[in-house]
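Chemist: Could you put the whole structure together from the sequences, leaning on the hints where they help?
2 protein chains.
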Amino acid sequence: MRGRVGEGRPVVAIVGLGLVGGSLARALTRAGYQVLGVDRPVVLRRALAARAVALGRSLGDAASEADVVVLAAPPDANLRLLRDLARRPTPLPVVTDVGSVKGAIAAEARRLGLDRFVGGHPMAGSERSGFAASSAGLFRGRPWILTPSGSRPEAVRAVRALIRAAGARALVMTPGEHDRAAAFLSHTPQVASWALLGAALADPVARRHLRMAGPGFHDMTRLAASPRRLWREILAQNRGEVVRALGRLARALERAGPGGPSLVSSRRRGSER
Amino acid sequence: MRGRVGEGRPVVAIVGLGLVGGSLARALTRAGYQVLGVDRPVVLRRALAARAVALGRSLGDAASEADVVVLAAPPDANLRLLRDLARRPTPLPVVTDVGSVKGAIAAEARRLGLDRFVGGHPMAGSERSGFAASSAGLFRGRPWILTPSGSRPEAVRAVRALIRAAGARALVMTPGEHDRAAAFLSHTPQVASWALLGAALADPVARRHLRMAGPGFHDMTRLAASPRRLWREILAQNRGEVVRALGRLARALERAGPGGPSLVSSRRRGSER
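Top to bottom, those sequences are chains W and H. All residue numbers for the first sequence refer to the working numbering, where the first residue is 1 and numbers rise by one. All residue numbers for the second sequence refer to the working numbering, where the first residue is 274 and numbers rise by one.
Just so you know, the hints here were simulated from the structure itself, not pulled from any lab data. Hints may be right or wrong, so weigh each one.
As the list claims (entries may be wrong) - Residues of chain H clear of chain W, computed beta-carbon distances all greater than 10 angstroms:
id: 1; residue: L317
id: 2; residue: A322
id: 3; residue: G329
id: 4; residue: S337
id: 5; residue: R353
id: 6; residue: R361
id: 7; residue: A380
id: 8; residue: E381
id: 9; residue: R383
id: 10; residue: S402
id: 11; residue: A405
id: 12; residue: P421
id: 13; residue: R437
id: 14; residue: G440
id: 15; residue: P500
Said to hold, decoys possible - Per label pair, the in silico range of CB-to-CB distance:
id: 16; chain 1: H; residue 1: R481; chain 2: W; residue 2: A107; range: 21 to 27 angstroms
id: 17; chain 1: W; residue 1: S135; chain 2: H; residue 2: R413; range: 27 to 33 angstroms
id: 18; chain 1: H; residue 1: L328; chain 2: W; residue 2: S135; range: 51 to 57 angstroms
id: 19; chain 1: W; residue 1: G176; chain 2: H; residue 2: S408; range: 44 to 50 angstroms
id: 20; chain 1: H; residue 1: E527; chain 2: W; residue 2: A225; range: 20 to 26 angstroms
id: 21; chain 1: H; residue 1: H491; chain 2: W; residue 2: E154; range: 33 to 39 angstroms
id: 22; chain 1: W; residue 1: R80; chain 2: H; residue 2: P488; range: 26 to 32 angstroms
id: 23; chain 1: H; residue 1: P500; chain 2: W; residue 2: A132; range: 40 to 46 angstroms
id: 24; chain 1: H; residue 1: R324; chain 2: W; residue 2: G137; range: 41 to 47 angstroms
id: 25; chain 1: W; residue 1: A225; chain 2: H; residue 2: A323; range: 38 to 44 angstroms
id: 26; chain 1: W; residue 1: D61; chain 2: H; residue 2: S408; range: 56 to 62 angstroms
id: 27; chain 1: H; residue 1: R324; chain 2: W; residue 2: A132; range: 45 to 51 angstroms
id: 28; chain 1: W; residue 1: R128; chain 2: H; residue 2: A322; range: 44 to 50 angstroms
Note that CB positions come from ideal geometry on N, CA and C, so glycine has one too.
Modeler: Rendered as C-alpha cells:
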C-alpha cells in the first residue's frame, strides 16, 4: 500500500471508466480493493454515485498512490498514458492495460524501460460501450490474457491477483501470439460483422427486405454496433495481423462459397469453365 | 377436403419431416389440421409417436388425399418431388415448398404448368437439423416469404391460411427478389460463418488459443454447425446471387478492414504507400 488511501486494502487506479474500466472498477470494489478512478469529471461523478470507485484522482496522484495502475482508455490513449507515466519523477507502481492489441504497447513499455508493466486483455465485452454499460460480472469466468514479456515477477503476481479478484482466469502468452490469435478470433469477426451489414444495406433489394432476416443474420451483425472509433485504433495497431487474417478469410469465403472445392467437384468445375 | 381422411378438417401432407417439416407438422396439428407425413419409416414412427402427424402416407396417397402438399425435403429433392407430382394422372392439390431458394423451383413449376404451386420460405430455422430438433413454435411471429408468380388465387389463399395457422406472417415478393435478398441476409452469412471458423482453425496459433474466443466469435460461428449437404444444395441453386453477394462482401471487408477508406484518410494512406 503506497499512500494514505487504501487503509490496508490494495489500491488500484483505473484510468478510463468505460465498459471495461467501469466493469473492472465495480468488480474490484466489490472484491475489497480501494479503487481510484481517473476520467473526465462527468464520468467520475457517475462512477462515484454508482460506488464503482472510492475516489476520483488525477493521473499523477493515482500513479503515486496506487499499487497497480490499469490503463483502460482506447489503445492509442493507453500508449500516450504509458509515456506520460514513464516521464514522472516518482517511482512507478505496477502498470497493466486492458487493450485489444498487445504488441504495440509491449514494445512501447520495452522502449521506455518499464519492467513493471504487464500487458493484459480481458476477453469479455459487448457491442455496448461507456460506463453506463459496465457491470461487476463482465469478467466472471472469462479468459484474461496476460503478455508479460520481460516484466518483473512481482508485477505479474500483482496483476494476476487483480484478475482473480475480477473473477476471470489468467492465460499467459506472448504479445505476438495474442495479436495473431486475436486477429482471427476477434478483430476479423468484427470487420466481417460490419461488412455483412454494410453489403446488405448497400443492396437495394436486400435493404428493402431487411425484415426477412432471421436470427443468424442478427447474431452475425450484432458486433456491427460496436464503437467504430475505438475499433479503428484496434485495427490500426494490429494492422499487419488483421490484413493477414482478412486475406485468409477472403480465401476461406471462396472455398466455402458455391464455386469452392467443398461444393463442386473438380470435374464439374472444369466443365463449367 | 379431398379424401376420407380429415373428417371435415383441412388436410395437409408434409413431405420431409426434418427441422422445418417436423416443426410445421407439430404447429399445424396443434392448429387443427389433419397432417399426413411422408418420410422414411424410421422418421414417420418418431413423428407419429410425438403426435406431430396423424398418419404416414406414400407421396402418391398424400397427393390424392391432401388439400395442400408441402415439400419440405432438401432443395434438390423438392425439385424431383415436384416433377414426380406433375407426372401423376390424378388432379394435383395445392403444392407449396419451404426451400431456401425460390427461383429454381418457381421456374420448374412454370415449366411443368403447375399453376397451383406457390413457392414459400419460412424465415426460421436453427443450426440444428432433423425431426429431433423440431418444435411447434419455430415459426411463431417469423416472416414466411411467399413467391406466387402466376399461381392461382385460391392456391395462394390456401397457403396463406396454413402460414397463419403456423403462427407466421406472410410476406409476398417475386422469386428473384427473394433470392437476391436471401443471398445477402442468409446465404452469405452462412458462408461467412464457415469461413471465419475455417480461417481460425487453419491458423495454428489461433487454433491453439481458441478458448480465448469471446461471445462475438461464438455468435458469428454458430451457423457453421448447420448441415453442409443441405447448404451445398442451397448455395448451388442460388449460385448466381450468392457469388454476386460474396463479391460485395469481399469488397466490404476491404473497406471495413485496417486498410479501408473508413479507417485511414486518403492522405495518410497515400503517405504509407
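Chemist: Decide, hint by hint, whether the structure agrees.
Modeler: Results for each hint:
no.: 1; hint: L317; result: holds (28 angstroms)
no.: 2; hint: A322; result: holds (29 angstroms)
no.: 3; hint: G329; result: holds (30 angstroms)
no.: 4; hint: S337; result: holds (34 angstroms)
no.: 5; hint: R353; result: holds (19 angstroms)
no.: 6; hint: R361; result: holds (32 angstroms)
no.: 7; hint: A380; result: holds (18 angstroms)
no.: 8; hint: E381; result: holds (19 angstroms)
no.: 9; hint: R383; result: holds (21 angstroms)
no.: 10; hint: S402; result: holds (14 angstroms)
no.: 11; hint: A405; result: holds (19 angstroms)
no.: 12; hint: P421; result: holds (16 angstroms)
no.: 13; hint: R437; result: holds (17 angstroms)
no.: 14; hint: G440; result: holds (15 angstroms)
no.: 15; hint: P500; result: holds (13 angstroms)
no.: 16; hint: H:R481 x W:A107: 21 to 27 angstroms; result: holds (23 angstroms)
no.: 17; hint: W:S135 x H:R413: 27 to 33 angstroms; result: holds (31 angstroms)
no.: 18; hint: H:L328 x W:S135: 51 to 57 angstroms; result: holds (53 angstroms)
no.: 19; hint: W:G176 x H:S408: 44 to 50 angstroms; result: holds (46 angstroms)
no.: 20; hint: H:E527 x W:A225: 20 to 26 angstroms; result: holds (21 angstroms)
no.: 21; hint: H:H491 x W:E154: 33 to 39 angstroms; result: holds (36 angstroms)
no.: 22; hint: W:R80 x H:P488: 26 to 32 angstroms; result: holds (30 angstroms)
no.: 23; hint: H:P500 x W:A132: 40 to 46 angstroms; result: holds (41 angstroms)
no.: 24; hint: H:R324 x W:G137: 41 to 47 angstroms; result: holds (42 angstroms)
no.: 25; hint: W:A225 x H:A323: 38 to 44 angstroms; result: holds (39 angstroms)
no.: 26; hint: W:D61 x H:S408: 56 to 62 angstroms; result: holds (59 angstroms)
no.: 27; hint: H:R324 x W:A132: 45 to 51 angstroms; result: holds (49 angstroms)
no.: 28; hint: W:R128 x H:A322: 44 to 50 angstroms; result: holds (45 angstroms)
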